[in-house]
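Chemist: Put chain L on the given structure of chain Y with help from the hints.
Protein chains: 2
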Amino acid sequence: MDSKKIQNVFFISDSTGITIESLGHSLFTQFPDITFEKKVFPFVTKKENAEKAISHIKKVATNSQNTPIVFTSLADEDLKNLFAANDISIFDIFSSFIPEMESHLKTQASHAIGETHGVGNTSDYLQRIDALNFALSHDDGMKLDTIEHADIILTGVSRSGKTPTCLYLAMHYNLKTANYPLTDSDFENSYLPETLRASQDQIFGLTISPTQLCKIRTERKPNSKYASFEQCEFEIKKAESIYKNSKLPFIDTSSVSIEEIATTIIQRLNLKPQGKW
Amino acid sequence: MDSKKIQNVFFISDSTGITIESLGHSLFTQFPDITFEKKVFPFVTKKENAEKAISHIKKVATNSQNTPIVFTSLADEDLKNLFAANDISIFDIFSSFIPEMESHLKTQASHAIGETHGVGNTSDYLQRIDALNFALSHDDGMKLDTIEHADIILTGVSRSGKTPTCLYLAMHYNLKTANYPLTDSDFENSYLPETLRASQDQIFGLTISPTQLCKIRTERKPNSKYASFEQCEFEIKKAESIYKNSKLPFIDTSSVSIEEIATTIIQRLNLKPQGKW
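Sequence order for the protein chains is Y and L. The first sequence begins at 464 in my numbering and counts up one residue at a time. The second sequence begins at 464 in my numbering and counts up one residue at a time.
Heads up, some of the hints might be wrong.
Identical copies go unnamed one by one, so any copy, or any two together, can satisfy a pair.
[Claimed, not checked] List of simulated lysine to any residue pairs, SDA-like, C-alpha gap at most 20 Å:
hint	residue 1	residue 2
1	K467	S566
2	K684	S600
3	K467	K569
4	K735	Q665
5	K501	K735
If you are wondering where the hints come from, they were derived from the structure by calculation, not from laboratory data. Small disclaimer: the values here were computed from a predicted structure and weren't measured.
Looking at chain Y on its own, in the form it has when it is part of the complex:
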């Protein structure tokens, strides 16, 4: 039986609410004994939106043992005050940081509605779309003839995390990413193929524990040679020896998230990402 205390949390944003929800999630990990029930109210830009949120929160408050927590990132003071006027206790990211920033920066904040995840400038947006298209067209060893234009080339055995990481790097950092799967023909040579050697500085290897790989492959093709522990162990051993022979940086993806893999790669390759996402 789950006897964890339940705490309702609401996120009120005049934009997507993605930043504030992520901040909330980060803070909640500090309270592992509490289950947080979350609801986001995005695009709260008018009085009607705020009133709808307030009425919902009040209803939840009446039916729960604990007073709900409300996180806001509203730039408009009048909208924010609607919540304050309703006896709702608020954790506000603007009032927590903006006054001190204003004094540090010796200038006034604009209090204009959030543009954090707005489209901003079109060239940035097109760069992002280009990066995604590049990642999709250079997935899984496709289009090796243009792979030298990649900012990052991931390599590794099947199901070691190459595609999700490439997509994340493209989506979040506008980086052109490609990936090259290590297969039997590469294992025979114990080296990366000739076509990739010109791009040596962009290449990053992924490895994974045989147990984890076996689990992931089994989900996909149960009882196959492909998913067997022996095959997984053999491929990983070969892949790691290629990384060592070619002096490639590599990371074990067994127990890290896509975000952690991406951050590590950017740090190790000393890249300066362009995105603002």
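Modeler: Then chain L, alone, in the frame of chain Y:
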């Protein structure tokens, strides 16, 4: 000539730094007259990492007119104190929120190192990978025979933003997404194809201004019929009439970001996303 004031900002995190950088970006949009030069120090979990960051920040401080701003999200008090002891002024997300949260929740924060973008539980991770694989295999009208398993099916003309939005929804919310491109055969009928009608409730239309579409398509295939204003205008008109005939919700993607499109779709379809990213 760009005469904007330049302000150096550093983000110090014991994890990826993604949350705190996103928070910083959100705050910086309130100061449009300042150019923020950002650098992230992720995975600051040991004294050595902190000292390296401090030494870099001090060097930048000596060479710049404005005192750098440092944002931290370090759970470990000793590490955080290293920064304080070095005359570096800190905006700390933990001390801004945790004490008040502790008093509201009537419990102590764990002060354990951040798990925000850690792999957390494996089932959540596998769900995310499944969602991404579903999105990739159901891109651009592929695998219509299993499209009914999608949580969301996006439709729209070529280059209206379907694929990036699908990938974003899968990556961030673990949602199984598919997309179906509207082409000539659909325009002849003025209705969605038979195969999609069973999934009516999951379908969301994307539209875009002819000018914006023409611009995007011209980047891809300059001087083609495909990229001409007339063709773009014709296709969009037809697509919108299909949405109206089929009573589909739809959104204009011309000047909104992928995040805003995704948030709007989740809100309009009343979905409860599973992810924690």
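Chemist: Each hint needs a verdict: does it hold in this structure or not?
Modeler: Each hint tested on the structure:
With identical chains, the CA atoms of K467 and S566 are at most 20 Å apart between copies only, with a shortest distance of 18 Å across copies and 42 Å within one. Taking the shortest alpha-carbon separations for K684 and S600, only the inter-copy value of 16 Å comes in at or below 20 Å, while the best intra-copy value is 25 Å. For the identical chains of this complex, K467 and K569 are inter-copy neighbours only, at 14 Å across copies versus 46 Å inside a copy, given an alpha-carbon limit of 20 Å. In this assembly of identical chains, the alpha carbons of K735 and Q665 lie at most 20 Å apart only when taken from the same copy (13 Å versus 39 Å across copies).
For the homomeric pair K501 and K735, the shortest alpha-carbon distance between copies (10 Å) is at most 20 Å, but the shortest distance inside one copy (34 Å) is not.
In this structure, none of the earlier numbered hints is contradicted; all agree with it.
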